[in-house]
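Engineer: Sequence order for the protein chains is A and R.
Quick note, the first sequence lines up with residues 1 to 322 if you use UniProt numbering.
Quick note, the second sequence lines up with residues 1 to 322 if you use UniProt numbering.
What the hints contain is simulated information worked out from the structure, not anything from laboratory work.
From a predicted model like this one, the values you see are computed outputs, not experimental measurements.
Think of the CB as a built atom: it goes at the ideal place given N, C-alpha and C, for glycine as much as any other residue.
Treat each hint with caution, since some may be false.
To be verified - Computed list of lysine-lysine pairs in DSS-like fashion (alpha-carbon distance at most 30 angstroms, straight line):
| # | chain 1 | residue 1 | chain 2 | residue 2 |
| --- | --- | --- | --- | --- |
| 1 | R | K302 | R | K312 |
| 2 | R | K304 | A | K135 |
| 3 | R | K278 | A | K196 |
| 4 | R | K302 | A | K312 |
| 5 | A | K196 | R | K206 |
| 6 | A | K196 | R | K135 |
| 7 | R | K313 | A | K304 |
What the hints assert, rightly or not - According to the in silico footprint, chain R covers these stretches of chain A (three or more CB under 8 angstroms from chain R):
| # | segment |
| --- | --- |
| 8 | 38-49 |
| 9 | 140-154 |
There are 2 protein chains.
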Amino acid sequence: MEVSIAHSAELLHRANHIILTAHIHPDGDALGSLLALNAYLSAQGKQVRMLLDDEVPRTFKFLADWEKIEKPDSSEIEADLLVVLDASDLERVGKVRNAVKAPILNLDHHISNLKFADYWYVDSQAAATGEIIFKILNAVQATVTADMATALFTAIATDCGFFRFANTSTETLRFASELVALGAKPHIISEYLDTKPLAVIAALPKVLETLEIVDCGQGRQIAALTLRQEILADLREDTEGFINYPRNIEGVEIAVMFKETDNSVRVSLRSKTVDVSKIALGFGGGGHARAAGCTVAEPLSKAKRLIMEAAKKQLAKGVSIK
Amino acid sequence: MEVSIAHSAELLHRANHIILTAHIHPDGDALGSLLALNAYLSAQGKQVRMLLDDEVPRTFKFLADWEKIEKPDSSEIEADLLVVLDASDLERVGKVRNAVKAPILNLDHHISNLKFADYWYVDSQAAATGEIIFKILNAVQATVTADMATALFTAIATDCGFFRFANTSTETLRFASELVALGAKPHIISEYLDTKPLAVIAALPKVLETLEIVDCGQGRQIAALTLRQEILADLREDTEGFINYPRNIEGVEIAVMFKETDNSVRVSLRSKTVDVSKIALGFGGGGHARAAGCTVAEPLSKAKRLIMEAAKKQLAKGVSIK
C-alpha cells in the first residue's frame, strides 16, 4: 500500500530489528540515503543492519560508516522491516531480496517504480531519495549530525548533477541549504566526488582523439565520442562524464558516446534542444528528453551509422524541448 | 561611508538618473548583478544606463538585456548616482571612472575592498555580489522576474563554482532555491555556462600531454600542467578549468598550472590540504589557502623548477587546512 512520510516514519518507529538496503551499482543517492537512515535508526537504539549486494565505490568511502555496510551471505535473516532505498524494483537489490524475510518499505523517487513493496513512498518529483529521507528525519524532528548531513547532501547533489540537472527544484536547493547549516561542507564533498583515478585523466587525450563532429547546417552539430574495448579496459568502466565533452561544445545539439562491448554497442545520448529519448526508443532503449541510451547489437561501424542517421533525422525535425 | 542594505535601497530610491557599472573582464557575478539591478531600477521608471569598459563574453549572452550594456565613450555623463558592482577598487571599472560624474555607491563582496566609494556596502561573507543585490531587492519587496532571477542565479552560481567552493553558504543555497522558485532554471543556466568553443575541447589532449606528476611519498603528489605560448594562442586565454584536471587526480595534494607569456610565467595553484597561498606569497602573488597564484619573471624551465621546489617544501610541512 502507498504510505505517507508520516506513515513511513511510523513504520520505522514500530520496527525494532531493521534491515536497510539499496540498489546494486550503488550511487551517491543510494549510499547517502542508506547511511543517513542507518545513523538515525541506530541513534534510536534500534538493531539495524545495512546489506548491499555490491561493493562501495571508492568515490564514496569518505562517507561515515560506509565500512559497516555488509554483503548478504547465504543465511536467511528475519527482521521486522526491510527498507529498500532508491530502487524501483526488487531485482535491483540483488541477493538481499532472498536473504531477508520481512515486510518491505520502499522509499524511492524513480518514476518507473513498480510498487512492488508492502509499503511504498514514491515521490518522482524528488530529485533524490535523499530528499525523502531528509523529509522523514524532519518529520520526526531527528537530530541530524554533520555526518548525516554530509551523507544526505551527497545523496541529493549526486542525483541532480550538483544542482545542474532539470530535476533541481527549489526544494532540492532548500534542503541543500539546510544540510549545509547542519554541517555538510559542499567544498569538501565536491572534492571527494570530483576525484578521479589517474588512469581516467590519462585516457582522456585518447578518448578525445575519437571526437567526430557532423555539421547538420544552420550551425547545428552532432558530436560523437567512441570508446573502443582497448580504452574501456584501461578505464575499468569509469566513463562517466566523458559525454560532457562533446555535449559542451558550442553549436552541438546532440552528443553521442559509443561504447564497444563484445557483441554490441552501448550508446549514450545527450541533447540540448532535441528529444533524444525518441532516438533511443527506436533501438529498444529509453530515457529522458535530454539524456537517453540504448544498446545496438551490431558491430561498431554499423551501430554508429544507424545511430548517427537517426540523430540527424531527429535534429532535422527541429522540435525544441526547451 | 559604510551603508546598510536599507540605506543602499534608499540611495537607489532617491536617485533618478543612475549609471550602473561593474569590473572589467566581467564575470557572471558582475554581469548578473548589473542586469538584475538594471531591470529592477528600469521597472521603477528610473533613467538607468549600464556602462562597462569591456566586451560581454559570449558565455553570458543568454542573459536578458545584455545588449543594452554600453561602452563608455569620451563624453562626460552627469548622474545622481554611480553604482559600482563587484569591484573592490575604482581602477577596476576602467574608463567609467572618469566618464561619470556622480556620487558612488559600491556594492561588493571582496574582502580586499578598498572602500573607495562615497557609500559602500561590502559583505565579504557573501559568495557573490548577486547575493547582495538579491537582499536589496527583497528589502524593497521588488517584483523579481524570471529574467532577473536567471541573472542573479548566474551571478551567485558562477562565483561559488556552482555550489562547489568553500564560500557556498547556507544562505547561498537558500537564495538559489528562492531564485529557482522565481523562475531561474539551473539546467538551462548550467548548459550555457558549460558551453565551450571547439578549440578548447580540441586543445585538451595537447594540454593533458604536458601532465607531470611528482610523487612526494606517502601517496601524496604534486601534479602540473604547462601551457606553452603556442597552445595559449589557440585557446585565446580560455584556460579556465584546465587546472581541475591535475587537481582532481586521486592522491594529488597540490595542482599547478604554468602559463608561459613573453617574459614571465603565470602560475596557478590549487590544493586540497596544503595552504598554497604561502607558495604564491613567496613569489609576490597571493590568494586563498586552496586557490592562489603568482607571476614568476623567469624563463619557463626555471620558473617551473622554483615553484615545484616551493610546492614540495610546503607539502613536506604537512600542515592541513581542512
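Engineer: Please verify whether R/K304 and A/K135 have alpha carbons no more than 30 angstroms apart.
Structural biologist: Not satisfied, since the Cα-Cα distance of roughly 52 angstroms exceeds 30 angstroms.
Engineer: Please verify the coverage claim for the segment 140-154 of chain A: does it have three or more residues whose C-beta sits within 8 angstroms of some C-beta in chain R?
Structural biologist: Violated: only 0 residues of the segment 140-154 of chain A have a Cβ under 8 angstroms from chain R.
Engineer: Please count how many residues of the segment 38-49 of chain A have a CB within 8 angstroms of a CB from chain R and say whether that reaches 3.
Structural biologist: violated (count 0)
Engineer: Is R/K302 within 30 angstroms of A/K312, Cα to Cα?
Structural biologist: Not satisfied, since the Cα-Cα distance of roughly 51 angstroms exceeds 30 angstroms.
Engineer: Mind checking the alpha carbons of R/K302 and R/K312 for me, to see if they're no more than 30 angstroms apart?
Structural biologist: holds, 15 angstroms
Engineer: Below or equal to 30 angstroms on CA atoms is what counts here, so check A/K196 against R/K135.
Structural biologist: Given that 30 angstroms is the threshold and the Cα spacing comes to 38 angstroms, the pair is violated.
Engineer: Would the pair A/K196 and R/K206 pass a check requiring their Cα atoms to be no farther apart than 30 angstroms?
Structural biologist: The hint holds at about 20 angstroms.
Engineer: Check the hint pairing R/K278 with A/K196 against an upper bound of 30 angstroms on the C-alpha distance.
Structural biologist: Within the cut-off at roughly 26 angstroms; holds.
Engineer: Just to be careful, I want the Cα atoms of R/K313 and A/K304 compared with a cutoff of 30 angstroms; is the pair within it?
Structural biologist: Since the Cα atoms of R/K313 and A/K304 sit roughly 51 angstroms apart, the hinted pair is violated (cutoff 30 angstroms).
The structure does not agree with the numbered hints 2, 4, 6, 7, 8 and 9 stated previously, though it agrees with the rest.
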